[in-house]
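Colleague: Under my numbering, the first residue of the sequence shown is numbered -12, with each subsequent residue one higher.
I should point out that these hints are in silico values taken from the structure, not numbers from a laboratory. Incorrect hints may have been included.
[Claimed, not checked] 27 Å max Cα-Cα, derived DSS-like pairs, lysine-lysine:
(1) Lys436 x Lys511
(2) Lys511 x Lys418
(3) Lys163 x Lys116
(4) Lys165 x Lys308
(5) Lys519 x Lys191
(6) Lys116 x Lys165
(7) Lys116 x Lys308
(8) Lys72 x Lys165
(9) Lys481 x Lys436
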Amino acid sequence: MNFWAERYLNYSTGLQREAPFASKDIDFQGSRDVVRLCADRLHGQPRFASMDDVTPNVAVVLFADSQGNERRIDFLDRPYGLDAKEAREMAIPVEFVRKKDRDERVEFLVLHPVLCMESRICNTVGLPKYQGPHGLQQARASVICAQEFLRRDLLDAGERDAVLHLNERIFRFATKHKSGRESAVAFGIEPFNAVLVDERLPEKFRTIRFPQMETQVARQRDSQIQQRIALGPRREQEWEALVRAELPRVHARTARIEARAQVALERHQASGEPSARSSEHARRLEQLGKRVERLHELAAEPTGRPSATGFGLAELLAERKRPDLAREVRLNRAFLEEERSAEPHRRIERQLLAAARIAEPARADRSKVPRAAVLNRPSLGNEGQRATLEEAREATVKCTVELSPQATLDDKQRAAQGEKLEAQWNTIVAKELAAVRSRAAVIGERVGKDVQELRQRMAEHREIAPQKPNAIAGLIGGHARYEAARDTWSKEHKVLQNRERQLEKRAAYVNEYAREPGAWYPTKGTQLAQRKAERREPELARQVAAYRGWHQGRERERLSREIEQRREREHERGEWGFER
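Build the full structure now, drawing on both the sequences and the hints.
Modeller: Below you can see the structure in the form of structure tokens.
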């Protein structure tokens, strides 16, 4: 990532804000033979991973640089979150010219910028050690580097098809890959921002395909935020109960170890103190005393205030039991932290996501919609960011004013008015959904009859299957006639089977419109009903979108305040804490 960041540093103000990017080590992808060759050339020491080492590294090379500083090179089987074969095939060759006594050209492979972005985001979401400030800084920079690569190394060279292909790959990663979805909500790092839109790309992509992508991403992020707000406190309660259940195990185990350590301390105190070993005796006595004190703290009763170390051990045991829950809680806390520390323009844009979900522009007018009003584009310069902030503020003020003719209404009046609008909107959507489900049920019944008739025909067709002739009939040409009839029958039966598969797929597709919608996963019928309601009542849809954006913002602020107050109360009482 550092290679690409240094390459595009002078072209992007976003990279200049995120700099520096240097890390303490460097990672390579290679086999054991490459590790030995690297250690030999650097006069270093290779260390290969064994079966007992729980590490993604194949090996590590330790060496000293020209200034005598100890350095480390990690060799990985594959970058985290990527396929090893794909990483090698898409790597970009770079030629380095080193001038010393003569020109020396060295060629090496660098991980593709788009794959580098995917790996960085997977590291951020999946590995807690990359969720610090430096890890988040590198993840944000990788998004900018991916977009700059599309613009300066591909599009400037006339590779339009390659840019379109990589745009689709980035879109799939942002919407289909779990890390791509979670990074946007939990850490505010949106991989979709790497998609490049330029005047040199085809007009069909700029006016049709890209607005479709933007709308889908905006709706998905809005749904993710709602799920985080609704399910976050429940996950925290489950995690708290699980950790509390593990605390007695930690205390019981440390109590047994403390008893053994206390015996060792008493024996050491009772032993003699020879003058030749007085310093060593005192050092050992001090070590045992500290160990007993630390174990006594770990073995305290669970009703008291748990120590940081004891609570940390309980969390580790709980994470071993429920790694999925630990991951969800970690991402939820990152989401709340991101909401508290988010910049003002980022909060405004997140509120606009609900408006983008309902007030979707017509296809002919999508080219006029400002991209930055929906998602934050890190490649914008300072002027572009200021313009985006002003547009977002104006849009938010407009939505708030449209919610009520009286802009000075207090929160209770606004909430009451919004609930009335919400109830009216839900009634309209419910009517449209009932009509959609009714129509889908009629079509589904018709398709079901077609399937039954087809299966009856297939059963009758199996009954007339040609029978294999006996030996005597085969001598007089019966075998040849059987083979011809069998081929004809097989072709007809295959046509019937293909038709059956088509009807089954159609029945499943129609069932998506006819079935009952879930709480957080709307069906195709719900989505169609909402689009019909938007066309029927566009003004009401716009007002409901404004109310939902305002309500979500207020709900996030309320949850953040409650969490902060709970942490303060627990810290004052000394009963519980989540900070390690």
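Colleague: The structure should be examined with respect to each hint, and the outcome stated for every one.
Modeller: For each hint, the structure was consulted:
1. Lys436 x Lys511: holds, 23 Å
2. Lys511 x Lys418: Satisfied, since the Cα-Cα distance of roughly 15 Å is no more than 27 Å.
3. Lys163 x Lys116: holds, 24 Å
4. Lys165 x Lys308: holds, 22 Å
5. Lys519 x Lys191: With a Cα-Cα distance of about 26 Å, the restraint between Lys519 and Lys191 holds, given a limit of 27 Å.
6. Lys116 x Lys165: Roughly 19 Å between the alpha carbons, so the hint for Lys116 and Lys165 holds.
7. Lys116 x Lys308: holds, 20 Å
8. Lys72 x Lys165: holds, 21 Å
9. Lys481 x Lys436: Satisfied, since the Cα-Cα distance of roughly 20 Å is no more than 27 Å.
Of the numbered hints listed earlier, not one is contradicted by the structure.
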